[in-house]
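A.B. asks: First to last, the sequence lines map onto chains A and B. Sequential numbering from 51 applies to the first sequence in our numbering. Sequential numbering from 270 applies to the second sequence in our numbering.
Just so you know, these hints were derived from the structure itself, not from any lab. A couple of the hints might just be wrong.
Example chain B residues on the side facing chain A (calculated, C-beta under 7 Å, incomplete) [said to hold, decoys possible]:
1) Asn-337
2) Pro-340
3) Ala-353
4) Asn-370
5) Ala-479
Fair warning: this is a prediction, and the values are worked out from it, not measured in the lab. Glycine included, every Cβ here is placed at the ideal spot set by N, Cα and C.
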Amino acid sequence: MNDINFVSRGANLGKIFNSIKKKIGLYSIALTLYLPLIVFFGKLLTDCDLLVKLWTFLSSKLFINTLSFSVKEALLSACLSLLLAFPGAYFFGNFDFPGKRLLRSIMILPFMMPGILIVLGLVIFYGNNGFFNQFLASVSNNQLKFAGLYGFWGIILAHSLYNFPFCIRVLSESWERINPNLKEAAAMLGSSKLNTWRRVTLPLLMPTLSYLFFLVFTYSFLSFTIVLVFGGYLYKTFEVLIYIEYNNKLQFEQAAIIILLQTIILAVILLLQSFIGKRVQYQSKLVGQLAALNWQTTRLQTVTFISYGLFLILFFVSPFLAIIYKSFFQTEILSIANYRNLFTTAFSFSVGQPFLIVLRDSILLGGFASLIVVCIAYYVARSRRHEPWGGVDLLFQLPIGISFMAFAIGLASIFGELLNYRLLIVWAHVFLAFPLVYSILRTARRELNESIIENAILLGSTPGQVFRRVELPLMRRPLSTAFAYGMAISLGDLAAVLVFGKGQLVTLSVAVYRLIGHYRFAQATALGSLLIFISLLLFLSVENSSIFIGSREDR
Amino acid sequence: MNSADFYFNVSKDYPDFSIAVELALNQGEFFSLLGPSGCGKTTFLRLIAGLERATESKIIVQRQDVTNLSPANRRIGMVFQDYALFPHLNVIENIKYGLKNQKLTAGAIKAKTEELLALFELEHLAVRDIHQLSGGEKQRVALARALAPEPLLLLLDEPFSALDYGLRNRLRNELQMYQRKLGFTCIFVTHQQEEALIVSDRLGVMQQGALIQSGTPFEIYEKPVNRFIAEFVGEANLLNGNIVANDKDNNHLMLEIPELKLEVPLFGCNYSFGQYRILIRPEEIMVNYQESREGTIGIQAKITKLEYLGYMMRMELEVNRVKLKAATFNQDYSQFKIGAEIRIGLNLANPKFIK
Numbered sequence: 051m052n053d054i055n056f057v058s059r060g061a062n063l064g065k066i067f068n069s070i071k072k073k074i075g076l077y078s079i080a081l082t083l084y085l086p087l088i089v090f091f092g093k094l095l096t097d098c099d100l101l102v103k104l105w106t107f108l109s110s111k112l113f114i115n116t117l118s119f120s121v122k123e124a125l126l127s128a129c130l131s132l133l134l135a136f137p138g139a140y141f142f143g144n145f146d147f148p149g150k151r152l153l154r155s156i157m158i159l160p161f162m163m164p165g166i167l168i169v170l171g172l173v174i175f176y177g178n179n180g181f182f183n184q185f186l187a188s189v190s191n192n193q194l195k196f197a198g199l200y201g202f203w204g205i206i207l208a209h210s211l212y213n214f215p216f217c218i219r220v221l222s223e224s225w226e227r228i229n230p231n232l233k234e235a236a237a238m239l240g241s242s243k244l245n246t247w248r249r250v251t252l253p254l255l256m257p258t259l260s261y262l263f264f265l266v267f268t269y270s271f272l273s274f275t276i277v278l279v280f281g282g283y284l285y286k287t288f289e290v291l292i293y294i295e296y297n298n299k300l301q302f303e304q305a306a307i308i309i310l311l312q313t314i315i316l317a318v319i320l321l322l323q324s325f326i327g328k329r330v331q332y333q334s335k336l337v338g339q340l341a342a343l344n345w346q347t348t349r350l351q352t353v354t355f356i357s358y359g360l361f362l363i364l365f366f367v368s369p370f371l372a373i374i375y376k377s378f379f380q381t382e383i384l385s386i387a388n389y390r391n392l393f394t395t396a397f398s399f400s401v402g403q404p405f406l407i408v409l410r411d412s413i414l415l416g417g418f419a420s421l422i423v424v425c426i427a428y429y430v431a432r433s434r435r436h437e438p439w440g441g442v443d444l445l446f447q448l449p450i451g452i453s454f455m456a457f458a459i460g461l462a463s464i465f466g467e468l469l470n471y472r473l474l475i476v477w478a479h480v481f482l483a484f485p486l487v488y489s490i491l492r493t494a495r496r497e498l499n500e501s502i503i504e505n506a507i508l509l510g511s512t513p514g515q516v517f518r519r520v521e522l523p524l525m526r527r528p529l530s531t532a533f534a535y536g537m538a539i540s541l542g543d544l545a546a547v548l549v550f551g552k553g554q555l556v557t558l559s560v561a562v563y564r565l566i567g568h569y570r571f572a573q574a575t576a577l578g579s580l581l582i583f584i585s586l587l588l589f590l591s592v593e594n595s596s597i598f599i600g601s602r603e604d605r
Numbered sequence: 270m271n272s273a274d275f276y277f278n279v280s281k282d283y284p285d286f287s288i289a290v291e292l293a294l295n296q297g298e299f300f301s302l303l304g305p306s307g308c309g310k311t312t313f314l315r316l317i318a319g320l321e322r323a324t325e326s327k328i329i330v331q332r333q334d335v336t337n338l339s340p341a342n343r344r345i346g347m348v349f350q351d352y353a354l355f356p357h358l359n360v361i362e363n364i365k366y367g368l369k370n371q372k373l374t375a376g377a378i379k380a381k382t383e384e385l386l387a388l389f390e391l392e393h394l395a396v397r398d399i400h401q402l403s404g405g406e407k408q409r410v411a412l413a414r415a416l417a418p419e420p421l422l423l424l425l426d427e428p429f430s431a432l433d434y435g436l437r438n439r440l441r442n443e444l445q446m447y448q449r450k451l452g453f454t455c456i457f458v459t460h461q462q463e464e465a466l467i468v469s470d471r472l473g474v475m476q477q478g479a480l481i482q483s484g485t486p487f488e489i490y491e492k493p494v495n496r497f498i499a500e501f502v503g504e505a506n507l508l509n510g511n512i513v514a515n516d517k518d519n520n521h522l523m524l525e526i527p528e529l530k531l532e533v534p535l536f537g538c539n540y541s542f543g544q545y546r547i548l549i550r551p552e553e554i555m556v557n558y559q560e561s562r563e564g565t566i567g568i569q570a571k572i573t574k575l576e577y578l579g580y581m582m583r584m585e586l587e588v589n590r591v592k593l594k595a596a597t598f599n600q601d602y603s604q605f606k607i608g609a610e611i612r613i614g615l616n617l618a619n620p621k622f623i624k
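Can you make the complete structure from the sequences, with help from the hints?
C.D. replies: So this is what it looks like as structure tokens:
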């Protein structure tokens, strides 16, 4: 009996020791991830004149203007994204139609594309000499012109273009998962269709709507690339302001004050979100048979859906098609000259590096950063496979709501002199990609049937063999999905490469940014097309993945 | 036109299935619809409710023709299989939902809600969220919500299917109690024959979209109209028999059962010559039959399988290579052994013949 007690006590101690070891491991990763921010805020908060400096900035016109612009553009971007997404979500959530699965997959494509491509597409399509203005001029005899791209409305358009497909995807899945019996129960209790929509469907969609609203709001509030290009001197988000103060004016202190203030504002937004989005989101396991969208039985809906699709293609898909189309024309003659020009010295002069070096660096940087983030995220996901979603997971999701500029400047101030700039960029990209990569791997690892692993152990495999022969093959798909997303985020980043690269390292996104800056749109379209091609490759590698945002494509 | 309080004559054609059912009910009747999965029970309910569009239909609810009315205006309530409680509303708000649609005054809604909360013993759960309720509590809320607008007919679509045995029994009794207390008319869909036999005033058995037989539980169990019902409701031994003239007594008939090599004189006069299928329920087989009773024939049988259920012993027997199912109660079950020979009694004085 005593022996048994001794053994069980020993086993308990072993368990406690393992749990402590695991916790130390996880918190060390979190600490490393957030180290630049911790040191940065530590330094800032010990500054004796902090309050005075804060007050000076708070009472400045610059602060009021930036805040008012950021809130206005974020609000409008969120509203427009949801407005554009709502009809799409209705059709995707309530009907079945040919190609639905493929279309739904395509909706993650904008997420895989670098922000600068959106900018380029809008410039080529909606710019002063773009296709849209050419069309307006031809139909109005040069009377009509859309000149709002470089300014407030251009920023709203770009943010909406970037976000609305994601909103369609999430909202339609939420809509589809509303228990079909609820609508019927409401009808049996005497509800009209309108009444059921108001009292049942809408309240059940509200948690998703508010989640998406805050997500797009936060994304737009923290927007960098789009505002940097379209905002000019007039419109700046705090992220752009921090970049200008730090990078262009070399005003570290001012940048730090803005970062602190932005963090406080973000905390208020996140608190508001958690307060409003407090209601539990109910999703039914019961998925009803959706009505088929066809000409015979649902004629009105079919016509509306086709019109909506055409509207989206015309205004939101065309910018990307315009990039590819334009890349094959030089002074209105079909040619591949724009692609050939990527290898010229003119390109190297505008961009700072020859094309092949840019391509090599982008792929190596993306691959390396993605590999690191996937390894760390998988380690964390694996350690937490038995735990329900909790505070530690939230800790690893925080980079979504934290200013990237704060992180980048914190990183530069601590390790700027110590580490190679390439390593600093990799670190920054790991920080940027971590939330998404982690959420993909966390969900997938938790869903992996643990009995399979236990079975392999019982069949005599060592832990190493189990990992290599069972776990890794089963996790291959989520791991490759996570890798593709990590790579896409790295390829799309502009801020980290601009802050740390200092011209020595140029990625494809930075090259497009510089070509736009030098008004070399022809070469920019060729490079942009190449980026679209790489994004498509990454998209194809994750297509059909059912992990992202809990898609249930495999039903 | 039927003069019953409730009358349904509905049909619907699908590409690979069709349903056509005619049914009449009386006020306050508890009618159960029994049938295997996929036989069209739920579809029949949905056609009555107006949730599915019928190819042809006639729906009379308390002598009112509601065929052309929308589901919202038919005054029919429904309890769904998964209860379909509104997850964004709490218990009291769920119950109020239908009352608000009736545009009653706030006072009337409050009074009715309180009455239902008390009746279904839900007062202490009034403000609780739906996801915090147990299966039994959810069922009571679903019932209260469905009954709040005072429907003339309540449809219950397998409301106990997801519950465990004990809870199922308890809730079934509760449902029966509420139905007796409130006197509502209801159609209860289930695929559990025991459940249907216990709770119903009458029940109907469906097969492949058609109502094959309806009647009291006794009629369905004792006088099934065909082999399907005999085997679906309870367990059945079905033997082939011929009614022939009794050679020894020309005034009487005799039942031959070639499979068992039996010949039994028939004393009734309601028989005619021909081939018949004889139904013998397992509990009608007398196990360890010793004494001699009129009309009962004793034969030797071999035990091939034993199933001990605590309150009874189910056994499989073999007589002349014919398998028979038997059930015995109140015996020393340890005396039965597989392979042993026992004597069984078959009472064939008034045999049950089916098609």
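A.B. asks: All the hints need checking, so say for each whether the structure fits it.
C.D. replies: The hints, checked one at a time:
With a cut of 7 Å, the hint placing Asn-337/B at the interface with chain A is violated, because the nearest CB-to-CB distance is about 15 Å. Taking 7 Å as the C-beta cut-off, the interface hint given for Pro-340/B holds, the closest approach to chain A being about 4 Å. Satisfaction of the interface hint for Ala-353/B is found here, the shortest Cβ-Cβ separation to chain A being roughly 4 Å, below the 7 Å cut-off. Of the supplied interface hints, the one on Asn-370/B holds, with its beta-carbon coming within about 4 Å of a beta-carbon of chain A, less than 7 Å.
Hint on Ala-479/B is violated. Least Cβ distance to chain A is approximately 24 Å, over the 7 Å limit.
When held up to the earlier numbered hints, the structure conflicts with 1 and 5 and fits the remainder.
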